[in-house]
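Q: Assemble the whole structure, with the sequences as input and the hints as a guide.
If you read the sequences in order, they're chains A and B. Note that the working numbering numbers the first sequence so that position 191 is 191, with each residue one more than the last. Note that the working numbering numbers the second sequence so that position 196 is 196, with each residue one more than the last.
Incorrect hints may appear among the rest.
With a straight-line Cα cutoff of 35 Å, these simulated DSBU-like cross-link-like pairs (lysine-lysine) come out [what the hints assert, rightly or not]:
| id | chain 1 | residue 1 | chain 2 | residue 2 |
| --- | --- | --- | --- | --- |
| 1 | A | K76 | B | K152 |
| 2 | A | K138 | B | K233 |
| 3 | B | K59 | A | K9 |
Keep in mind that the hints were calculated from the coordinates and are not lab data.
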Amino acid sequence: MSSPFIEIKNLYKSFKNSKGETIQVLEDVNLDIAKGEMFGIMGFSGAGKSTLVRCINRLEEPDTGDVIIDGMNITKLGTAELNKRREKIGMIFQTFNLFDSMTVFENIEFPLKATIKDKEKRKQRVLELADVVGLAEKVYDYPSQLSGGQKQRVGIARALANEPDVLLSDEATSALDPQTTLTVLDLLKKINREFGVTMILITHEIEVIKYACDKVAIIESGKIIEEGTTVEVLEAPKSKTAKIFTGVESSLAKAWEDKKGGAR
Amino acid sequence: MTFENSTLGEILKSAFSAKVWGEMMIPALGATMYMLVMALIIMLIFGILLGDLLYMTDKNGLTPVPALNSVLSAIVNALRSLPSMIMIIITIPLGRMITGQGYGPNACIIALAISCIPMFARLVSNNLFEVSQGKIEAARAMGAGNFTILTKIVIPEALPALIRSFTVAVISVLSMTALAGAFGAGGIGHIAVQYGFNRFRYDILIATVLVLIIMAQLIQFLGDAAARLVLKKRHMM
Numbered sequence: 001m002s003s004p005f006i007e008i009k010n011l012y013k014s015f016k017n018s019k020g021e022t023i024q025v026l027e028d029v030n031l032d033i034a035k036g037e038m039f040g041i042m043g044f045s046g047a048g049k050s051t052l053v054r055c056i057n058r059l060e061e062p063d064t065g066d067v068i069i070d071g072m073n074i075t076k077l078g079t080a081e082l083n084k085r086r087e088k089i090g091m092i093f094q095t096f097n098l099f100d101s102m103t104v105f106e107n108i109e110f111p112l113k114a115t116i117k118d119k120e121k122r123k124q125r126v127l128e129l130a131d132v133v134g135l136a137e138k139v140y141d142y143p144s145q146l147s148g149g150q151k152q153r154v155g156i157a158r159a160l161a162n163e164p165d166v167l168l169s170d171e172a173t174s175a176l177d178p179q180t181t182l183t184v185l186d187l188l189k190k191i192n193r194e195f196g197v198t199m200i201l202i203t204h205e206i207e208v209i210k211y212a213c214d215k216v217a218i219i220e221s222g223k224i225i226e227e228g229t230t231v232e233v234l235e236a237p238k239s240k241t242a243k244i245f246t247g248v249e250s251s252l253a254k255a256w257e258d259k260k261g262g263a264r
Numbered sequence: 001m002t003f004e005n006s007t008l009g010e011i012l013k014s015a016f017s018a019k020v021w022g023e024m025m026i027p028a029l030g031a032t033m034y035m036l037v038m039a040l041i042i043m044l045i046f047g048i049l050l051g052d053l054l055y056m057t058d059k060n061g062l063t064p065v066p067a068l069n070s071v072l073s074a075i076v077n078a079l080r081s082l083p084s085m086i087m088i089i090i091t092i093p094l095g096r097m098i099t100g101q102g103y104g105p106n107a108c109i110i111a112l113a114i115s116c117i118p119m120f121a122r123l124v125s126n127n128l129f130e131v132s133q134g135k136i137e138a139a140r141a142m143g144a145g146n147f148t149i150l151t152k153i154v155i156p157e158a159l160p161a162l163i164r165s166f167t168v169a170v171i172s173v174l175s176m177t178a179l180a181g182a183f184g185a186g187g188i189g190h191i192a193v194q195y196g197f198n199r200f201r202y203d204i205l206i207a208t209v210l211v212l213i214i215m216a217q218l219i220q221f222l223g224d225a226a227a228r229l230v231l232k233k234r235h236m237m
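A: See below:
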C-alpha cells in the first residue's frame, strides 16, 4: 500500500495553565489518513481534538512529532513556505469567523488575492465558488445578513477558494440546528466527491460521524484510543467513550429510563 | 463687564454681539481650528502607529515581542499619567526645538500632539484587541501574513470602534487647545484667559464657553454619525 496522504506521527502538545502547571493536551498521536477520505475525530470537550486539528495547519505549534501532508513535512516549514502551503489547506470553524467588514464576495475573494492577481479572473472564481455553495444570490450581502447555515457556506466557499487538497473542519456544524447540519454535511460530501478534497472533521456529534465520515478516531485525554471505519467503530465500540457516544453505555439514556420508570 | 458693573442682560447681550464675535471669537476660532486639525493629523499618524505596535508586540498579539511591549507600555502609561497642563509645559522646549519658538500655535501643536498620542495609542490598541481571535486565525489558516492580517482584517474589523476612539481623542485635544491658550498658544483659550479671567469680561467668558460646548457637541455628533454609517453599511445595526 502506498503511503497515506496525511500522516501524523508521534505528535505531542502541552500547554501551561495559569498556575504554571504543564497540561499534556496531545500524547503520542499517530494517524494515517488516505487521499479523498472523510475522516472524523470524535471526543468530549477538552479531549484535545481541536488542538489536534489545529496542529495540522500549525495554528498550534506541536511540541514534537511530525505532520506530513502529501510527502511534505508541515512541521519543518519556515513561515513563508507554511503560508504558501496553508493556501491549499482549507479550514472551517464552529463560529464561522467571517469578516464582518466585508461582503460575502469580499470574504471569498480574500484568500484569492494572494494567488490570482487578475481582478476579472478572481471575480470569476468568486462567483463560481458562491455557486458551488448555493449562495450566488447573496454575494453582495454582509455576513450579518445571513443565517448560520449560510454563514458556514460562505466559510466553506472561502476555504475552497484556492482548490485545497485538505479541508479541516473544527466543529463546523456544532452551532447549527440538526436540519442545517445535514445540508452543510451534504455540501461537504458533495465537495469531497466532486473535488476529491480530503477532509478531517472534528466533532462531538455522533450524527456527523454517522452521516459523513468514512473513518473515525476516538480521542480521549489527548490520546487516540480507538480507530477504524465508521461502521466498525459504531457497530462494535470498544472504548468507554465510544460506547457512550454510540449510546451503548449512556448515563443520559439510563437517566431517561429511570425518569420514564418513575413517571409510570 | 462683571456683575458689579453690568446686569445679566447686558452681559448676555454683549456675549452675543457682533463686536465680540467679529473681532475676537471668529479669529480665535480660526486659530483653535488650525491647532486642532494639525495636532490631530500628527496624533492620528503616530497614535495609530504606536497603537498598532502595542497591539502587535503584546503577548496575545500577532508578533509577540514581550520585552519591547513592556517598554512601550511603560512609556505610554507614564506619559498618560501626567496632567495635560504639565505635558504642555514640559513639551514647550521640544516645540521650540522643532519650530524655533516656544510660543504661538506651531509650538503648541507639537505639545498637543505629544500629549495626546499616548492616550490615542492606548485606545487604538484596546480597539484592535476587541477583534476576535477566531477571525485572525481564519486569516492565518488561509496563509495570510501578519501585515496583511493587521491592515486587511484587524483594522477594518475594528473601524467603528476606532472612529469612536478618535472622537474621544478629538474632544480631549479640543479641551487641551483651550488650556494651551493659557500658555501663549492663542485661540479660544487665550481669549478666555486674557479677557474673561484677567479683565473680568464675563461676556467673553460666556462666548468662549459657548463655542467650546458647541464644538464638542458637533464633534461627538459627527463621530457618532460616522461610526453608525460604517455599522449600517455592514448591517450590524
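Q: Each hint should be assessed against the structure and marked as holding or not.
A: Each hint, compared with the structure:
1. Distance hint between A/K76 and B/K152 is fulfilled; the C-alpha atoms sit about 28 Å from each other, no more than 35 Å.
2. At roughly 15 Å between alpha-carbon atoms, A/K138 and B/K233 fall within 35 Å of each other, so this suggested pair holds.
3. A C-alpha spacing of about 30 Å is found between B/K59 and A/K9, which places the hinted pair at or below 35 Å, so the restraint holds.
When each numbered hint is compared with the structure, no violation occurs for any of them.
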